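Undergrad: Residue numbers (our numbering), protein chains in the order written: chain S, 2 to 593; chain G, 14 to 250; chain D, 1236 to 1539.
Hints in this document: simulated from the structure, not taken from any laboratory.
Some clues are possibly wrong.
Stated by the list, open to error - As a list, the in silico BS3-like pairs of lysine-lysine whose alpha-carbon atoms are at most 30 Å apart:
id: 1; chain 1: G; residue 1: Lys245; chain 2: G; residue 2: Lys34
id: 2; chain 1: D; residue 1: Lys1455; chain 2: D; residue 2: Lys1361
id: 3; chain 1: D; residue 1: Lys1361; chain 2: G; residue 2: Lys147
id: 4; chain 1: S; residue 1: Lys525; chain 2: D; residue 2: Lys1408
Fair warning: this is a prediction, and the values are worked out from it, not measured in the lab.
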Amino acid sequence: MTPVPPSASHLTSRHKTNWSEMWRSVLRLSGRWRFVLGIAGALFVWTAAFSPWASFAFGYPGKMTLSGFPGGARVYLLPLLLLVSLLFFTLPVGATAGVRAALGLLFIAGYNFIAISWEGDGVDAVAWGAWIALLGSLLLLWAFASFLWEEADGRSLSGQTAGHTAVKLPDPIWQMLLVFGGVPALLICFVYALDVEESSRFVSLICCLGAGSAALSSLGFFNWTSELLARQRTFAVILLLIAALVFPFTQDGNGYWLRVLISVGVFASAAIGLNIVVGLTGLLDLGYIAFFGIGAYVSALLSDADFTTVHVRVPFLLVLLIGATVAGLVGIFVGAPTLRLRGDYLAIVTLGFGEIFRITMNNWNGLTRGPNGIAGISDLEIPSLFGSTPLNFGDAHEVFGVSLPNFANYYFLCIFLFIGMAILFSRLGNSRIGRAWMAIREDEIAASSMGVNPVRFKLLSFALGASMAGAAGTVSAHVTQQVSPDSFTFMESILLLAAVVLGGMGTIPGALLGAGVFYLLPEKLRAFQDVRMLMFGAALIIMMRYRPEGLIPNRRRKAEFREEKSRFSAGFLKGTGELDLMQQNPVQEGGT
Amino acid sequence: MTELLQVRGLSVRYGMIEAVKDVSFAVSEGAIVSLVGANGAGKTTILRTISGLLPPVAGEVFFADQPLAHLPAHEIVASGLAHVPEGRRVFPRMTVRENLDLGAFVCGQGNNIDADLERVHTLFPILAERAGQKAGTLSGGEQQMLAIARALMSRPRLLMLDEPSMGLAPLITQRIFDIVAELREQGTTVLLVEQNAQAALSLADKGYVLESGSVVLVGTGADLLMNEDVRKAYLAE
Amino acid sequence: MEQFAQQFVNGVVLGAMYGLIALGYTMVYGIIQLWNFAHGEIFMVGAFGGLAVWTALPESLAENAFLALPLIFTAAVFTATFTAVLVERVAYRPLRSSPRITALITAIGVSIVLQESVRLFYPDGKRPQSFPGLVAEGNFSIGDVRIPWVSLFIVIVAFFAMLLLQAFVHATKTGKAMRAVSQDPDTARLMGIDVNRIIMVTFAVGAILAALAGVLQGMKFRQIDFHMGFLAGLKAFTAAVLGGIGNITGAVLGGLLLGITEVMATQYIPQGSAWKDVWAFIVLIVVLVFRPTGLLGEDVSVRA
């Protein structure tokens, strides 16, 4: 039974540079110095938070010239600082968390330092507060890192690996209370973040939240929360749903964020479909946006738009069905010949198909009006539940005495769309079909020897994913009120794929989070418009390197990725609790 | 006799599976040492770990008193240790001659390759005849000879053979083992891993019996052949 | 007939460039089974590297083709090789034991990063940059078929590059090691071959060829932009699949076939030019349906 590692694995390098060793020996600190430096660092940062960062006022936001007041980005130092101070008492366990939190402080200080000197034309614009913030966070980093090194050395001497204790949860009633408090707290954070206007403050907030989560994650906080949410899933989902439904009532009739959230919702719905293909079945579809485009064009053509070539108006629910069906059929047409082949071929064929679709839409003037696209798509009308006049989505409504902008209609529609997709996804994922997909993803040959017909199941997955994209596309056409070929470029496909990958392959919250990150962040980071794609490419590379399972991984999938990585650093998996999940071998279940 | 290869407390894992547990053995200069055991006993894993294809979890390997642990595989070969992998693994779409050239990859450019070629051609005349043929078209026995010849091209001090008899007819197996004996006469030290315990032990100066990743018996080849348990378990008696 | 011959020549010129890029795809795929999505960007980076040096040359040098050309080519090759090796080292090597989808997504990320870096950091990189022609303008004629000197130059350079590659892969020690790694990496290590080094060399060789193609493309169209690697890369990968991925001769053959097909389809199919970029993909799908291993492919490894 000689175990043979997977084909590419034998190429792992075993060279190790000794740079890190060198640095460590230079920077190593003895026990007392660590505390001295750490406390000094914390004090510095604390002082910095209340000291001026900019030497004169020149339009850099947030009253950064004032002292005695933590205005602007400085305020985001405080939560991290609090965390760091608490972590001092948990040492040496909290060393990793401390390093991460200190890095967050360093990023905030560094970012604002650079931004101030950039906008103020030189380092002269930077006041002493920013300098000591940098200094303090570096000291903190140093102090915590030296704990980490000692721990690492100790481990290599004794050969022990850090254990992973089982998650302990309080009583069910407390669990519910925690969820009941936690979910709104999260949403308040979210609404607060949306309200942060300036880029500098927003970036600092992101650094604060990111570093804070990273620190908490190293303390096992997210294992704990995910366990908690797994137990109280229904409750949490209902709370989230209520919050989502209430959101439009908090916007004072302003449609801006509703509009943004609508596009997040539409793309998250499409991302769920892509998640079936990529996350569950492991097929790489690089032309997914084309199926979305098919739905959009179908919907545009059948809605009697102002600028169109077809003058019919079909009821929307029917259009939704037609769009999904057409996209699914095209999916079968594209997938059938190529799904027999090795995975990479599917990637290039779907990419080619995406381009063919875009070029066809661009050239087929008689139907699609070529590059001009179809514009002036009318608002949706669906039969009203309450009266004889149909509900027009273009109208603003008044509900419970609160006036809702017309976008609220589409917002609610998107929520329904997303819920529909999510239900479909989770029902399928937990069914016999879903298990067959996962079996194929893990090992196609083994799956087929268990009686799963890989081609048929792959085709099913591919076509279903396509028709879900088509359905999302039909909604999208009405939201944007126009469709044109340049909305369906390769980059859009990649953006969706990246949303799935970043959020977490094979999970619904992952798809939502991914879509949120990719369609919300650009709204907030307009100052970075130009480098957006660069950051996005870099994010793909970094994610694949350090967290290929995504931010919110499917638990089973996470175990697989980790196992793949640690196959040679043996001993790591011992007692992590992930083993139990591994034993639910999907191949056997799916083969019936 | 000095110990050319020393393995101490070697453990290897694949993920959660501990394939080799605390194995120690030694190979003396000029000897033939056999590791025998059933399928899955960890024999191949041990060889792959010695030649650097797999990292050990624990334990040390010394070759000519130099520690090998954590050297990359290609440097281990350069230090004079050749490994004929299980299942021959010749490069199928390269010619016999090209395969032999690759065997001499560590030996610097050109200089003594001709002498080495001469030597392996005397050992395996068939390879001289087939020089221009693609290795994938050779018969199993010929491929095994090519694999051994290829390993010899680097002029190794220690030759590690992994299941040279696998899938071969008895006559050809006999021929291969004759050649192994001949190599020892010429001064090459051999570490032989085999399922075919009869052939391997009758040739060996020293033998180790492996069972699910651990050494369970040690002795001279002849002693082990007489051992009751070995006869029962491996010689089908 | 005359038109056909003319178009055929154009197709060969286009195909030669596709072939040069396709070689990089096929070699990397043959050795680590990675669709190096960023290879098209290496081609683009090479062209920009060449242009940057030409722009920096004093006028007397820049006008002199015999001095400027070698300098441009050297700069292009150096830039592309450096980029490719860096990418391999930083992005791909840590993922050797990861699932293939992970590596492919990384490759897409690398592609975006390279494109955006040129767009943002090359002076005025957002707009197309004009590229020097250098080779004498004008044509020579064979019968009624007129061939620009640049085209002749392209075909000659491509031909010799491919010839050199064949020699490298078959006659040198490193070339043999490369083939060995593509056939059986583990056993190659047992021969004393440093697999990591060979992989790096493979990336470098692919980058050299792509850089040549990048400069040739610039000379032919007199213009380059940050986006040129995307479509060229896709088509070249198609060419590699068409010829049989992993197969060096196949990549060249696939490139030529694709170039000729594209030119002919554009000429002879009504409204062909609007659909210019579609033919490559249609050819690809047809090939994959009827002969998935490509024209010369049997299985995946670098071969002649």
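Undergrad: Now look at each hint and say whether the structure bears it out.
TA: Status of each hint after checking the structure:
1. Between G/Lys245 and G/Lys34, the direct Cα distance comes to roughly 24 Å. Compliance with the 30 Å bound is thereby established for this hinted pair.
2. Only pairs whose Cα atoms come within 30 Å are accepted, and D/Lys1455 paired with D/Lys1361 is accepted, the gap being roughly 21 Å.
3. The hinted pair formed by D/Lys1361 and G/Lys147 fails the criterion: a straight-line CA distance of about 52 Å is larger than 30 Å.
4. Among the hinted pairs, S/Lys525 with D/Lys1408 is inconsistent with the structure: their alpha-carbon atoms are about 55 Å apart, more than 30 Å.
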